[in-house]
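Asker: These are the residues of each chain, in order.
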Amino acid sequence: MVRFAPVLVILLLLGLPRLVDMAFLNAMVLVLIAALYAMGYNLLWGQAGLISFGHATYFAFGASCTILMMQAIEKGSSFPTPLLPLAGGVAGFLLGLVAGWFATIRTGVYFAMITVAITELVRAIVQRWDSLFGGEAGIAAGRPAWGPFGLQKLVDVYYFTLVWVVLGVAFLWFLQRSPLGLVIRGVREQEERVSFLGYDTHALKTLVFAISAGISGVAGGLLAFTNESTNVTLYEGAYSSTVLVNTVIGGAGVFLGPAVGAALTTLFGYYVANMTVYWLLYMGLLFVVIVLYAPRGLSGLAVEAMQTLRAGKRLAFPLILRRGIGAVLLAAGTILLVEIIGAIVAPVYWATAKSTGVAWPAVTVFGLAWTPAAPLTMATIAGLFGLGSLLLRGAAGPARRNAAALIGRLTGRAGRAP
Amino acid sequence: MAAARCSGRVDRAYGTGTGDCGLRTLMDAFLVALLNGLVYGLLVFMVSAGLTLVFGMMGVLNFAHASFYMIGAYAAYFSGRYIGFWAAVGVAAVVVAGVGLFTERLLLRKVRVYGHTQELLLTYGLFFVIEEVVKLLFGPTPVAYRVPEALRFTAFTIGQSEFPFFRVLMGGVALVMFFVIYAMLTFTRIGLVVRAAVERPQMVCALGHNVSLIFSGLFAVGAGLAGLAGAVAGMYYPTSPAMAHELGTIVFVVVVIGGLGSLNGALAASLLIGVMTSFAVGVEATFGDLIHRIGLASTGFAGLDAVQFSSIAGVLPYALMLVLLLWRPAGLAGNRN
Amino acid sequence: MKPGLLFSAAILSASTMLASPAIAQLAIDVILPMTGPTAGTGELFKNGIDFAFSEVNDAGGIHGKKITPRILDDGGTTQGGTDRVRQAVAGGAKIILQGGGSAVAAAISADVKRWNERNPENPVLLIMMGAEAAALTRKDCHFYAFRTSTNADMRVKALMKALSENNRLGSKVYAINQDYSWGREMDAAVEENAGPYKYQVVGSVLHDVSKIQDFSPYVERIRDSGAETVVTGNWARDLLLLMQSVASANLKAKFATVFLDEKGNIASAGKAALGSFVATPFVAEAGGAEGEAYLKKFNEKTGANPISAGNNAVIAIRLLSRAMAGVPEKDSTNPTAVALALEKAKAPWVHGEVSMRAEDHQLRLPLVVGEVSTEAKFKLDGTDMGLKPVKTLTAAETEVAPDGSCQMQRPR
Amino acid sequence: MTGRQPPSPPVLVIEGVAKRFGPIPVLSDINITLKHGERRALIGPNGAGKSTLFNLVSGRFRPTSGTILLDGKRIDGQPPHLLSRVGLSRSFQITQVFGGLSLYDNVFMAIMSRHSRRWSLVQAGPAWRAIRAETDELIEHAQLTGLSRRLAGTLAYSEQRALEICMTVATGPSVVLLDEPTAGMSRAETAAMVAFIARMTEGRTLMMVEHDMDVVFGLADTISVLANGHILATGTPAEIRDDARVQDAYLGGGAH
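Protein chains in written order, with my numbering: chain Z, 1 to 418; chain V, 1 to 337; chain P, 1 to 412; chain G, 1 to 256.
One or more hints might be untrue.
What the hints assert, rightly or not - Listed next, the in silico BS3-like pairs over lysine-lysine satisfying Cα-Cα at most 30 Å (straight line):
id	chain 1	residue 1	chain 2	residue 2
1	P	Lys377	Z	Lys354
2	Z	Lys75	P	Lys139
3	P	Lys139	Z	Lys153
4	P	Lys296	Z	Lys75
5	P	Lys301	Z	Lys354
6	P	Lys113	Z	Lys153
7	Z	Lys354	P	Lys388
8	P	Lys113	Z	Lys354
9	Z	Lys354	P	Lys65
10	V	Lys110	Z	Lys313
Unchecked claim - Covered stretches of chain Z, as calculated for chain G (at least 3 residues, CB under 8 Å):
id	segment
11	190-200
12	326-332
Derived from the structure by calculation, the hints contain no laboratory data. From the three backbone atoms N, C-alpha and C, an ideal C-beta is built for every residue, glycine too.
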């Protein structure tokens, strides 16, 4: 049954435009782009054990070059439209080749700091080079039509993005199973042994960095193609941190892990951001909880469950159910507490209190009205936290012990100072 | 560089309004730029002191260290409404040390078993959470945490520019902090143990010292130092949720340039960066002038030659770090290569 | 590896069912930076919007229907802006009110323009309440985009006119601004007005946006240039830190600003702010009784004072509600009809009537130049200082003629 | 296994090599010449500089002075991956195998390098069939076929040591350096490992650092004794056993 998983996912994605409204389709375009970007990023981390803290540069450079190529097409160049994201990919690859050569001289913390330094340098140059990158306002270009496809409507853009993302993920899957992929994993395990087998590990790591930057460039190109514009704020740190968050939440050790993380955080940001101003706090807390209790990410948890199933052992459903409910209760308690505090702190709350004469005006959370100082509210919050932590009490032990063994090898080596 | 020559565009920034350029006014301007740079460097050192010690010993770069700086500022602001200025600064340092202890004992310890990377990621997550919690409690706009009137006067004047007392105070607190830590590390027994643990944690543990207690203690003291820095500098610079983000990266650059785990290196690096950015801002020349001076014809180069040196002041520390990481990763005074 | 695929299929399909809620048909959406680096500015706009819509709804709403707009958060980024425009359009919004910086406004305006070109039968109307970049109503103007705030030329002209008439300008002016569209336009406007107001620009600098930690080197350069007045369009952190360095370095020169009345600036500058100027849409003391009433009502409703951008939002909604009321009910959510009405719309404002200019959809509004002083009637930031009016310039006085670069394709 | 002197030119020549770490001299004036097929053992007390010499020859460190020649070409200061390509390969005192990859993949990667197929994305074509065949053949030769699908990290210690030796010879080296191959093994395992090494390194020049005298006398043609950075003596196992200088410096007085 597992053989059909990829086909199932692709069929679902193909049929999506008919199932959902335009807002969600736009969200899915962003999910696909974020997924490809995270997968490209994870080639460096999950496969080669190198964590980059400045990958937005290659994503943004891919976007800029794709827009510049679209402008060239507007001025009459005969560059084929479907290959536009490839322009971003090649640009990202070349920049990645140069940056990678420098960055992969070091490993661990030093590697991370070099990637940060390179990002800041590129950003400083790009932000001053207005004639090419368009500065704050940025550069724009219309989507050129191509043969039968107008590529104007969102549905066309969705399929265009889907084709490229499937190609990108297939390439990464193919690379991982290729001899080169084997050697890359060897570099993560024992870099010195690989060099003693006759491989120039510095050249290898530079190539891996460049491929990762190239895939990120394709993702950047797709975003530019969708938005038909890009600007220098894309080079800022935000895109470097979101891809890291996606990879951690999804799980660096599993092939499609980062894509799962990207899907969750993008949809979370797209919808929850309008419901509450504190969505970033909830995302941060989710990130910390995952680092603490699910070091191999959500997909890591699922893979563990699969392995226990395949090994014939029955999954401890009552335990999982107990923990699930405990987690939901804790989350509800946290949300209730945060929303009420947030409401009380805002000056507009006291203005309405004064104008309506009510001492503690109600705050609506989960559709219910809560009076902040009322004993009922206090009791509910305390109850949620108490019961939730009770149910989760035994959670930490087993999950952490076996994860420790596997994860220690995967990332312990990457983080060690050289 | 500016002092050497009297005429020409570069010097216009320092010449007096009437265009004559007595050597004394040049010296004044040079001195002011140097002092501004040193004070800003000392501030950056105050924050990075704790970070470099913690990294030296535990091998993990704590992303949330700049957040401790922010918590210190907000704690001093909050308690300052009820107790005096100096008391509030003290309370802030203690509160942040407590937060540091909690973080290390309950959170970092759980994750240490998975290796340094998971610790790094945990502090990365904490950085976001702390920033959002501060926004939740104190709102997105800067809070009115200001230098009390009693301390707002001019310490001394150089030429026409007056030097505020509070900047001198900040510099003073940083220097005192450096000497206190330095003395504690070199002359006391606990300092000896800490320095040994920075080199060989396992060996120190084998010698019977409770290394995990030392870790927690050092982490708490490191956080406390950042909190103290925040409480003092928060009055001068805006106390807002974005202050951790702005200072965060510069502090990493200082720790890396200074040499991971080396206190003197951190001090040297912070002063170097402070002075470098202060001077780069002072220079009015552009790349174009530089190209002419070297004799190359200015080819326009897509508008890049009109870029002022001062507008790239922010990037110089990163360029320096990149060169150092490639050529001498141990940094200025570090020993770990 | 294979099990990972199955799991991800489950997640993707689950999130599809879950996440396509039916969004109620709302005609008006508001896009603001509620989170991110400029969340403070978002708060200002939100207060203005809450107040203005409560004004409209208390007076019976539009065509008898009360309106509560949906607030979408763009997080202060251009990507966020683009996403929220799509979300608004998909949710059936016909009118979008946008608050925030010029970069986000430019991205949103371009998206709306592209959407309208591609869907002429289902256009969307955009009102930019706070973006000051001149290009938005010049080369990048389009029929369905309106702006209810000023641009750099209007602000500098107002400042120079008021200061020179009260001989507070002096003959040496220095310009310090942020190195992006808005900052560069302010820099150019200071050069332009040197002739008419007879001053010499003794120096100008453009610095990184929100990156400079320590402005004291810049303050030294200002002092050395001997400038008597310093013009700056800096906002938020870059203005706060600049005033802080000015306070401690005891600079004699006075500041002519655009955003000094934003929350926290005067408090952080302390005594150094005294004698500095700001050109802003609202100064309570200059509005007399009506001004005081507006301030009180605004404070009661939102718990905060009406500060710079918040007033632009109130003006925008007053104009929009009058335009929508002016067309028959069935057309009140038809963007083309509302846009045509909005071009001719007028609305009352504390300091004098505001009206829309049809050629380039740029607002004509009075500006008040206020001076920070301790004798001001209404205090700011919890300090003993407030804004004392120096001069109220009428809409005609503040107007800067369009430079002809706006070619608007009007609907047939 | 007494040595017979093959007539062919020397394979590995170490002339006047010295190494100092800062002020501390670790090795001084080392001269060793290995003939083709010769099996040299390096013995000496701990801290004599044996591992340092290995690290100099295998390119981990750069010698302070002196030259190292492989088949007549200078190799001192060359990075390890170039040394492997000219035919010099080594194993490590602390086993270095790819724990996360299968035993088959570990050997497969070494064979790939020998066929200089280091970057390819595709496994099709005759060259790859040859590589897969050689991998199976080598694993068969090493009698590890039963474990070939297992993750290297889950193998027993001696199995991992065997795998590392497999990988060391898999790149087709002319000179093999073994750093304490039988360290930490029981008597039975050591005997098996000696037979394994003999079988795997047949016809290749071998230099080995070893403490276990049975292994040394079992495998080596000639022995060099290293003591505080100098070569004390070089000769056949018999000569070394009876050499007075070696006895008092290393074997502690009369042979017992």
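Asker: Hints broken by the structure, by number, lowest first?
Answerer: Numbers 4, 8 and 12 - these are the hints that the structure violates, sorted from lowest upward.
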